[in-house]
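For reference, the chains in residue letters:
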Amino acid sequence: MGAFHSVPDDHEYHILSEKTGFSLEQIGILHNRFKQLSHNSDVLRRNDLHTIPDLACNPIRSQIVEAFFDGRNFRKNCEGPVQEIGFEEFLIVMSYFRPPSVHMTEEQREDIRRHKLRFLFNMHDTDNDGTITLEEYRHVVEELLSRSGSLGRETAKGIADAAMLEVANMSMGRMGPGEVYAGITFEHFLKILKDIEIETRMHIRFLNMDTTTLCK
Amino acid sequence: MLLLRRLSLVLTALLVSGTLCQADIFRNSESSGSTGSETSTSESTNSTTTITTLPIVTWKWHHIETPYLVALWVLVCWLCKLVVQLNTRLKSFFPESGLLIICGFILGGIVWGADKAQTFKLAPRNFFYFLLPQIILDTGYFMPNKLFFSNLGAILVHAVIGTVWNAGAVGVSLWGCYLGGAMGDLQIGLLQFLLFGSLLAAVDPVAVIAVFEEVHVNEVLFIWVFGESLLNDGVTVVLYNVFDAFVSLGGSKIDAGEIIKGIVSFFVVSFGGSLIGVAFAIIISLLTKYTGKVQIIEAGFIFVLGYLSYLTAEMLSLSAILSVTFCGVCCQKYVNANMDEKSVTAVRYAMKVFANGSETMIFVFLGVTAIDSVIWVWNTGFICLTILFAIVYRFIGVFSLTWFLNRYRLVPIEVIDQLVMSYGGLRGAVAYGLAASLDETRIKEKNLMISTTLIVVYFTVVIQGLTMKPLVKWLKVKRVTPSDLKLIEKVNNRACEHILAAMEDISGRIGDNWWTRGWKRFEDTYITWFLMKPEARKNRDYLFSIFHKLNLEDAVNYVTEGEKRGSLAFLRNGEGTNVDFDKKYGMEFSGVMPDITSELDFGIDNVPVTTIRNTVPSVSLDIHEQDMRGMNEDFNAHHLLQQHLYRSRKNHRHKYSRSDFTINQSEDEVQEIFQRTMRNRLESFKSAKMGVTPVKKITKHPKTNHKMANGKTTDKSYPYGDEDFEFSEADSAYSGDGAAASGNSPMRAPPYTVGGGIENPAFMPEMDTPPPPWLSEAETDTSVAPSQRAQRHLPWSPNNLRRLAPLRLSNRSADSFVMADVPAAEGSEEAPKEPSDEEDQRDGTHM
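Residue numbers (the working numbering), protein chains in the order written: chain A, 380 to 595; chain B, 15 to 861.
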């Protein structure tokens, strides 16, 4: 535990804590984990995440890992995929999954909601053109189903198509006969998922206790 | 008009109850035995007197008295429900359960007026053995498992600690007030008060569901209240038994040892009961792996074993309610996967029929029971204080426990939700049942307890139930819109789960998701292997089932649309599509397809194909079919089939729109259409979406307009172009058929005239369909049938078919070739079941 609690880090931790909303203990733990994953180097590469054994059977592993290396998720003005990330980026991506605080104004809630959905949206929108096209969506569904084995690619396609059709119906209303639905924009995405209380759903519990030793 | 109908119904109900009263008089005078035969009994005793001559008709009331009365009461209760339901205005603000109780009052009053005594009441034995089990089984079976288990901790805290707290606090406080002199002179000790407290502690699932279902609160709140009410029934019964034992032991004999024994028995009884339930769930799941052979009674196993789990637990003096709850909760997943979809539907409906029926009866009888002079012992202090304490301690219990739980929750339960939860502490029939089964020799004030319990029940169900809706509205409790999740939301939820699990992995902690996933993996590898059919294991993916539901829905809309325009022609398109589907979802549908096919062929060809049919794996399905037909074998089966198709689809359409459990409708017909049409739909969607087929887009315009003019289905309209396009295809087919029906030769209608695009092979066959006989249904069927038969016979030959199907499968683009053979494809539908089945299997492997 002592290694990363060294004095020079402390100030950095405070900055990071303000930026991401994690408590110092949580940052400490996450830093520990970061080092564990990156094999004590300062940067994390895709391969480091891909080799987490617990992750091995996650069907959408590649998308999730990709989200960590997606410039859009860093809340800085950078775009496109990056090759390696530092601890700060790691924390920022993690902070999308912080539980909402107990007392929130409606605006804050809306804000958090937008952020979280943006994260999801970015995960779908792989080519970063602002829309989730049918191809992209299909890809996600395929990945989702890839582990369940019983369903072929055809079904995944079918599901994606049906879902997309729904979205098209909902977001465009009655379309002209010649129109082609280009894809889900973020606004549509927000609208479609407005019934899912993503702000209360998309979070994990960050403990103040170090359990890294238990994990592989 | 409506009013008239209502009145007539009320009248009927009254009439029936009048008959009942009559029956009562009979029974009473009979039971009084020696009091002499009145005018009415002279007839009824007729059968017992020695006969002098052969009676042609005899009056045998006594032979059938009990079952007859039971059946009549069931009828009356259900009629009450019907009357209540017809009263939409009253129902909009008054909870149904309350109305039913009031109906019970009225019925009880009538009985009282006729008999001058209470003849009917809710006997605890009947309640616990015949009315309650199916309700609990139903709630367990339809329990939203994921929600339930993810909130199990909180539910258990509320159900166990909350209930014990309620029982203790109410009992002790009442005792305190009694000592303080608030109730005058009663023969009740502390133990009796505690016993009374324990029986009052149960929040009744029946009442809670009845009220909360109408309110639509958010799901966490719902599962908390619901789960608590369900589990604390078990807890209450256990508590009640412990205190009952204490009472019979007598205060002096209770020492620390007995108390510890009581606590131990509490846990043994509850966990033992739950274990019995799980054991029975395993038995059910295992059984349903093999019951495919006796498909007709397959559904019955669930009920019998569920009931047995209840009785077994009761026999071992374990908690029967918990047992049957967990039986339902644990078996649902495997049962649904193992059984044929028909049976699943059967179980669902039957379960609802039983549960709803007995729920209705319970409420009505709660009302009927009240009309009795014997049980009413009024003690203002006791009754008022009981109501007060029951409510106050409920509030205290819920708030303090939730406060405690909130410390460990990421998203705390809000105060408003807690308020509603406390207010939702409705007491119901379980409390009454327990009160009624008190032993009068040991508890002198039994009647006071019963009447107080009844008042508490009426108070909570009627008053609290009545005010619940306004309260929820007024407090602006987070509610759910009672709509189904959209597909994309479900996909998204699924993705979300994975993301969360992954995030936990990455952040390196062991959390809820880790456990869930660990369990899932364990379940996937071992439990499903043990409890599920291998075929079912393949098909049970969550997303697939959603997709399936969605497709069914679409298919039904599609059919509705088609029927609106008077044609089912599009049913007959796209043979290739269903082969495709069969290949993919082999097990799930192959059971359905052959069934229809064999039926068809049986009718059309009138060929004795019994030899083939006997080897069909779905023999029992045929029996089923025969049941539906009422054994009228010698009818023209073709004609019958059409009627059947038509009627059932009509019947099922509105059931579809009904809320909760209808989603997974498994109509043969619907499935058939589903298989045939969904491919097309998706194909068309895809091609248009991707903008690959400009040709189609051009042809689309006029048709779309035409279609709009036709009046599109309103409830689930697909305003999107592709959908229109697709329907318009059906439309064109329809027009073609219309022409065909008017006398032209339909078979050789040039396939390429309509639509223009050849990109979409799936649509083509429908142009070639022979005129669907139901188009000309106005004419006599028999006159048309021969020609059709001839037409169909002409091209059909099994070899042809066998060659054809794989072709259609693989050579989608080369459909021009296939088109030439379409009549043969048509034949394939009517071909003997065996080859086609074989075909399917071969395709499956071949692909």
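What the hints contain is simulated information worked out from the structure, not anything from laboratory work.
The reader is advised that the hints may include incorrect statements.
As the list claims (entries may be wrong) - Derived SDA-like pairs: lysine to any residue, alpha-carbon spacing no greater than 20 angstroms straight-line:
{"no.": "1", "chain 1": "B", "residue 1": "K130", "chain 2": "B", "residue 2": "T394"}
{"no.": "2", "chain 1": "A", "residue 1": "K570", "chain 2": "B", "residue 2": "V425"}
{"no.": "3", "chain 1": "A", "residue 1": "K573", "chain 2": "B", "residue 2": "K105"}
{"no.": "4", "chain 1": "B", "residue 1": "K534", "chain 2": "A", "residue 2": "E489"}
{"no.": "5", "chain 1": "A", "residue 1": "K536", "chain 2": "B", "residue 2": "V234"}
{"no.": "6", "chain 1": "A", "residue 1": "K573", "chain 2": "B", "residue 2": "V234"}
{"no.": "7", "chain 1": "B", "residue 1": "K490", "chain 2": "A", "residue 2": "I471"}
{"no.": "8", "chain 1": "A", "residue 1": "K573", "chain 2": "A", "residue 2": "S441"}
{"no.": "9", "chain 1": "A", "residue 1": "K398", "chain 2": "A", "residue 2": "R517"}
{"no.": "10", "chain 1": "A", "residue 1": "K536", "chain 2": "B", "residue 2": "S414"}
{"no.": "11", "chain 1": "B", "residue 1": "K366", "chain 2": "B", "residue 2": "E355"}
{"no.": "12", "chain 1": "A", "residue 1": "K414", "chain 2": "A", "residue 2": "E463"}
{"no.": "13", "chain 1": "B", "residue 1": "K534", "chain 2": "A", "residue 2": "D433"}
{"no.": "14", "chain 1": "A", "residue 1": "K573", "chain 2": "B", "residue 2": "K490"}
{"no.": "15", "chain 1": "A", "residue 1": "K573", "chain 2": "B", "residue 2": "V425"}
{"no.": "16", "chain 1": "B", "residue 1": "K547", "chain 2": "B", "residue 2": "K366"}
{"no.": "17", "chain 1": "B", "residue 1": "K534", "chain 2": "B", "residue 2": "E227"}
{"no.": "18", "chain 1": "B", "residue 1": "K490", "chain 2": "A", "residue 2": "E486"}
{"no.": "19", "chain 1": "B", "residue 1": "K130", "chain 2": "B", "residue 2": "R508"}
{"no.": "20", "chain 1": "A", "residue 1": "K536", "chain 2": "A", "residue 2": "K570"}
{"no.": "21", "chain 1": "B", "residue 1": "K534", "chain 2": "B", "residue 2": "A85"}
{"no.": "22", "chain 1": "B", "residue 1": "K105", "chain 2": "B", "residue 2": "E355"}
{"no.": "23", "chain 1": "A", "residue 1": "K573", "chain 2": "B", "residue 2": "V491"}
{"no.": "24", "chain 1": "A", "residue 1": "K414", "chain 2": "A", "residue 2": "V461"}
{"no.": "25", "chain 1": "B", "residue 1": "K483", "chain 2": "B", "residue 2": "K130"}
{"no.": "26", "chain 1": "B", "residue 1": "K534", "chain 2": "A", "residue 2": "A435"}
{"no.": "27", "chain 1": "A", "residue 1": "K573", "chain 2": "B", "residue 2": "E503"}
{"no.": "28", "chain 1": "B", "residue 1": "K547", "chain 2": "B", "residue 2": "T530"}
{"no.": "29", "chain 1": "B", "residue 1": "K490", "chain 2": "A", "residue 2": "K398"}
{"no.": "30", "chain 1": "A", "residue 1": "K573", "chain 2": "B", "residue 2": "G167"}
{"no.": "31", "chain 1": "A", "residue 1": "K536", "chain 2": "B", "residue 2": "A259"}
{"no.": "32", "chain 1": "B", "residue 1": "K347", "chain 2": "B", "residue 2": "T359"}
Claimed, not checked - A few chain A residues facing chain B, derived, Cβ under 10 angstroms:
{"no.": "33", "residue": "L403"}
{"no.": "34", "residue": "G407"}
{"no.": "35", "residue": "V461"}
{"no.": "36", "residue": "F469"}
{"no.": "37", "residue": "I471"}
{"no.": "38", "residue": "F498"}
Where is the CB? At the ideal position from N, CA and C, for every residue including glycine.
Right, here's what the structure says about each hint:
{"no.": "1", "hint": "B:K130 to B:T394", "verdict": "violated (26 angstroms)"}
{"no.": "2", "hint": "A:K570 to B:V425", "verdict": "violated (23 angstroms)"}
{"no.": "3", "hint": "A:K573 to B:K105", "verdict": "violated (31 angstroms)"}
{"no.": "4", "hint": "B:K534 to A:E489", "verdict": "violated (33 angstroms)"}
{"no.": "5", "hint": "A:K536 to B:V234", "verdict": "violated (33 angstroms)"}
{"no.": "6", "hint": "A:K573 to B:V234", "verdict": "holds (18 angstroms)"}
{"no.": "7", "hint": "B:K490 to A:I471", "verdict": "violated (35 angstroms)"}
{"no.": "8", "hint": "A:K573 to A:S441", "verdict": "violated (26 angstroms)"}
{"no.": "9", "hint": "A:K398 to A:R517", "verdict": "violated (35 angstroms)"}
{"no.": "10", "hint": "A:K536 to B:S414", "verdict": "violated (50 angstroms)"}
{"no.": "11", "hint": "B:K366 to B:E355", "verdict": "holds (17 angstroms)"}
{"no.": "12", "hint": "A:K414 to A:E463", "verdict": "holds (14 angstroms)"}
{"no.": "13", "hint": "B:K534 to A:D433", "verdict": "holds (14 angstroms)"}
{"no.": "14", "hint": "A:K573 to B:K490", "verdict": "holds (18 angstroms)"}
{"no.": "15", "hint": "A:K573 to B:V425", "verdict": "holds (18 angstroms)"}
{"no.": "16", "hint": "B:K547 to B:K366", "verdict": "violated (26 angstroms)"}
{"no.": "17", "hint": "B:K534 to B:E227", "verdict": "violated (30 angstroms)"}
{"no.": "18", "hint": "B:K490 to A:E486", "verdict": "holds (19 angstroms)"}
{"no.": "19", "hint": "B:K130 to B:R508", "verdict": "violated (63 angstroms)"}
{"no.": "20", "hint": "A:K536 to A:K570", "verdict": "violated (23 angstroms)"}
{"no.": "21", "hint": "B:K534 to B:A85", "verdict": "violated (46 angstroms)"}
{"no.": "22", "hint": "B:K105 to B:E355", "verdict": "violated (34 angstroms)"}
{"no.": "23", "hint": "A:K573 to B:V491", "verdict": "holds (18 angstroms)"}
{"no.": "24", "hint": "A:K414 to A:V461", "verdict": "holds (19 angstroms)"}
{"no.": "25", "hint": "B:K483 to B:K130", "verdict": "violated (38 angstroms)"}
{"no.": "26", "hint": "B:K534 to A:A435", "verdict": "holds (15 angstroms)"}
{"no.": "27", "hint": "A:K573 to B:E503", "verdict": "holds (9 angstroms)"}
{"no.": "28", "hint": "B:K547 to B:T530", "verdict": "violated (23 angstroms)"}
{"no.": "29", "hint": "B:K490 to A:K398", "verdict": "violated (34 angstroms)"}
{"no.": "30", "hint": "A:K573 to B:G167", "verdict": "violated (29 angstroms)"}
{"no.": "31", "hint": "A:K536 to B:A259", "verdict": "violated (63 angstroms)"}
{"no.": "32", "hint": "B:K347 to B:T359", "verdict": "holds (14 angstroms)"}
{"no.": "33", "hint": "L403", "verdict": "violated (16 angstroms)"}
{"no.": "34", "hint": "G407", "verdict": "violated (12 angstroms)"}
{"no.": "35", "hint": "V461", "verdict": "violated (17 angstroms)"}
{"no.": "36", "hint": "F469", "verdict": "holds (9 angstroms)"}
{"no.": "37", "hint": "I471", "verdict": "violated (13 angstroms)"}
{"no.": "38", "hint": "F498", "verdict": "holds (9 angstroms)"}
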